[in-house]
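Asks: In case you want the letters, here they are:
There are 2 protein chains.
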Amino acid sequence: MKRSIKQTMEKTKLAILLSKVKHVKSEKLACVLAIQTEALAALHDFMHRRRFTQLMPVVVAPMTDPLCHGVHDIEIDCDSQKLKLTKSMILHKFMALMSDHLSHVYIMSPCVRLEPKACKDSGRHLLEFTQLDMETKDLQKEGFMSLIEELVGYVVARVKKKCDCALRLLERELIVPKRPFKVFKSADLKARYGKDYEKIMSEKLKEPFWITGFKREFYDREDADYDLVWPEGFGEAMSGGQRHYKYGDLVRIMRDRGYDEKQFGAYLELARRGLLKPTCGGGIGIERMVRFLTGLPHIRDVGPFTKVPGEDIVL
Amino acid sequence: MKRSIKQTMEKTKLAILLSKVKHVKSEKLACVLAIQTEALAALHDFMHRRRFTQLMPVVVAPMTDPLCHGVHDIEIDCDSQKLKLTKSMILHKFMALMSDHLSHVYIMSPCVRLEPKACKDSGRHLLEFTQLDMETKDLQKEGFMSLIEELVGYVVARVKKKCDCALRLLERELIVPKRPFKVFKSADLKARYGKDYEKIMSEKLKEPFWITGFKREFYDREDADYDLVWPEGFGEAMSGGQRHYKYGDLVRIMRDRGYDEKQFGAYLELARRGLLKPTCGGGIGIERMVRFLTGLPHIRDVGPFTKVPGEDIVL
Chain A
1 MKRSIKQTME
11 KTKLAILLSK
21 VKHVKSEKLA
31 CVLAIQTEAL
41 AALHDFMHRR
51 RFTQLMPVVV
61 APMTDPLCHG
71 VHDIEIDCDS
81 QKLKLTKSMI
91 LHKFMALMSD
101 HLSHVYIMSP
111 CVRLEPKACK
121 DSGRHLLEFT
131 QLDMETKDLQ
141 KEGFMSLIEE
151 LVGYVVARVK
161 KKCDCALRLL
171 ERELIVPKRP
181 FKVFKSADLK
191 ARYGKDYEKI
201 MSEKLKEPFW
211 ITGFKREFYD
221 REDADYDLVW
231 PEGFGEAMSG
241 GQRHYKYGDL
251 VRIMRDRGYD
261 EKQFGAYLEL
271 ARRGLLKPTC
281 GGGIGIERMV
291 RFLTGLPHIR
301 DVGPFTKVPG
311 EDIVL
Chain B
1 MKRSIKQTME
11 KTKLAILLSK
21 VKHVKSEKLA
31 CVLAIQTEAL
41 AALHDFMHRR
51 RFTQLMPVVV
61 APMTDPLCHG
71 VHDIEIDCDS
81 QKLKLTKSMI
91 LHKFMALMSD
101 HLSHVYIMSP
111 CVRLEPKACK
121 DSGRHLLEFT
131 QLDMETKDLQ
141 KEGFMSLIEE
151 LVGYVVARVK
161 KKCDCALRLL
171 ERELIVPKRP
181 FKVFKSADLK
191 ARYGKDYEKI
201 MSEKLKEPFW
211 ITGFKREFYD
221 REDADYDLVW
231 PEGFGEAMSG
241 GQRHYKYGDL
251 VRIMRDRGYD
261 EKQFGAYLEL
271 ARRGLLKPTC
281 GGGIGIERMV
291 RFLTGLPHIR
301 DVGPFTKVPG
311 EDIVL
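Chains as they are written, first to last, in the working numbering: chain A, 1 to 315; chain B, 1 to 315.
None of these hints come from the bench; they were simulated from the model. One should not assume that every hint holds.
Pairs count within a copy or across copies, as identical chains cannot be separated in the list.
Pairs of lysine-lysine, DSSO-like flavour, derived with a Cα cap of 27 Å [what the hints assert, rightly or not]: (1) Lys82 - Lys120; (2) Lys246 - Lys22; (3) Lys84 - Lys117; (4) Lys120 - Lys84; (5) Lys25 - Lys277; (6) Lys13 - Lys246; (7) Lys185 - Lys206; (8) Lys277 - Lys13; (9) Lys161 - Lys206; (10) Lys262 - Lys13.
Everything numeric in this text was worked out from a predicted model, so none of it was measured.
Bound conformation, chain A alone (with noise of 0.2 Å):
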């Protein structure tokens, strides 16, 4: 009977099968899983206490936010129907805010992104991963950057407070940051730093800090966008921005950047009869969040089942 299964499993999947049994069953894990408990509580709370209304993620749908950065649509057919799996369900919340009964609303959304082979190194990229989707019709650019600010310390003081003996065991110390937190526009960092400068600025402060003025997707105002970025080389904390809604602008953009409009068919069809609503918003990666409250070198380690672009996948 063993040799049947044994040979179920090449020797290469099973070694890589073995080391993953020892990260699942380290201590390590165990204190990462504390920290990140004590962090999605702190979410939760937070959100809730701002009366944020909780979505139910939105996995596969018609459509899916494009993403500028090439990462390609996975299709699905379902009874003659061809669906996604999201990237992320930017365009569903605001589709969600249409309503004259909602104003701000958030999601614990799973993103699948088949990220290239290349990301493997980096240390901060997942195949699947779970974002802190939120928008709001009553703030703006300011309002929701300072809410990002006090949410972002309600967590780290939160853990620190609670997860102390894990963070101790992973030897890491944790520094409230102090608000408003530093603001930098990327054109300047960029004439700077050339075009690493995310990743320069970021190994290079020791607080989470901003940037802002980028170019993205056809959804973003260009003038009222921002990233949150975690201190200490741990990268990207959060995209987000103010948002176009008018029927004009969306088209206009699509068509300069060469999109498929019949794509976002009924979107477009809901901004024309001028249903959707001048939001803003952000998302923040739960997965990168959790690495730099447990100052882990690598996104791997971050999770039982965490999948890394190029690795070859077991569980």
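Since the structure of chain A is already known, use the hints to place chain B on it.
Replies: Here is chain B on its own, set in the frame of chain A:
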């Protein structure tokens, strides 16, 4: 410009889109989401107080829950590796508990299941839903059932107290259920009511109740499993049980039922090495819970982007 966009949407699809918009913008949906938000906060608070470790979802993986009711696997190509959309991440929660440092885990886990069109009018099937998926090493059947009774009582009481206004608008009167809940044996009910016994009992009773003794998946112990059922016709609330974890038992049941063992090669290898632990747990469907709490006839109405088998999907 108007015409060029109109052409991208067929008339039927446009009509569906506009009826969806009406739903998204309705006061009724806002009430449902207020109740959902409170219920989710209550669930997280409860799990956190009971010291469950929260894991992140696994949406794609080499293996998934086989499910005995014939929902087919959805495969994805990822750099020459075949992955599946998880119909549930039940095997992953068992594997997380290989760790001696973890006693109980939970996940807010999205499940994608391409259910047959015939489920369209059941009022309780969705192509995608979220499960509060729990597993523990510290409790057995009776202890876990009692934990769930507390959880349900806590959620109902909190929603009743905090969402008075939304409940009134939905004309929903909630009763905090008395503990312990009634327990029935599936064989007895089947003998008395025929194959639709769960539905009939759900319609008959006024408070949540248990049915035990099912023949289910290879991982469930028939002598120690249970379903929680919502009353007033709302049907199944949770499935769970004590689990098989010994290699011999798993292989015997798989062979009895004609499984493709290779699909579970890694899992069986862990069992063969004695790494899996005796655990007990279950999964509560969030959307079905919200349907019960809000008293809505059809699960389609519990969220802005619900997808019902056999219906056109526009958003």
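Asks: Check each numbered hint from earlier against the structure, then list the numbers of those it violates in ascending order.
Replies: none
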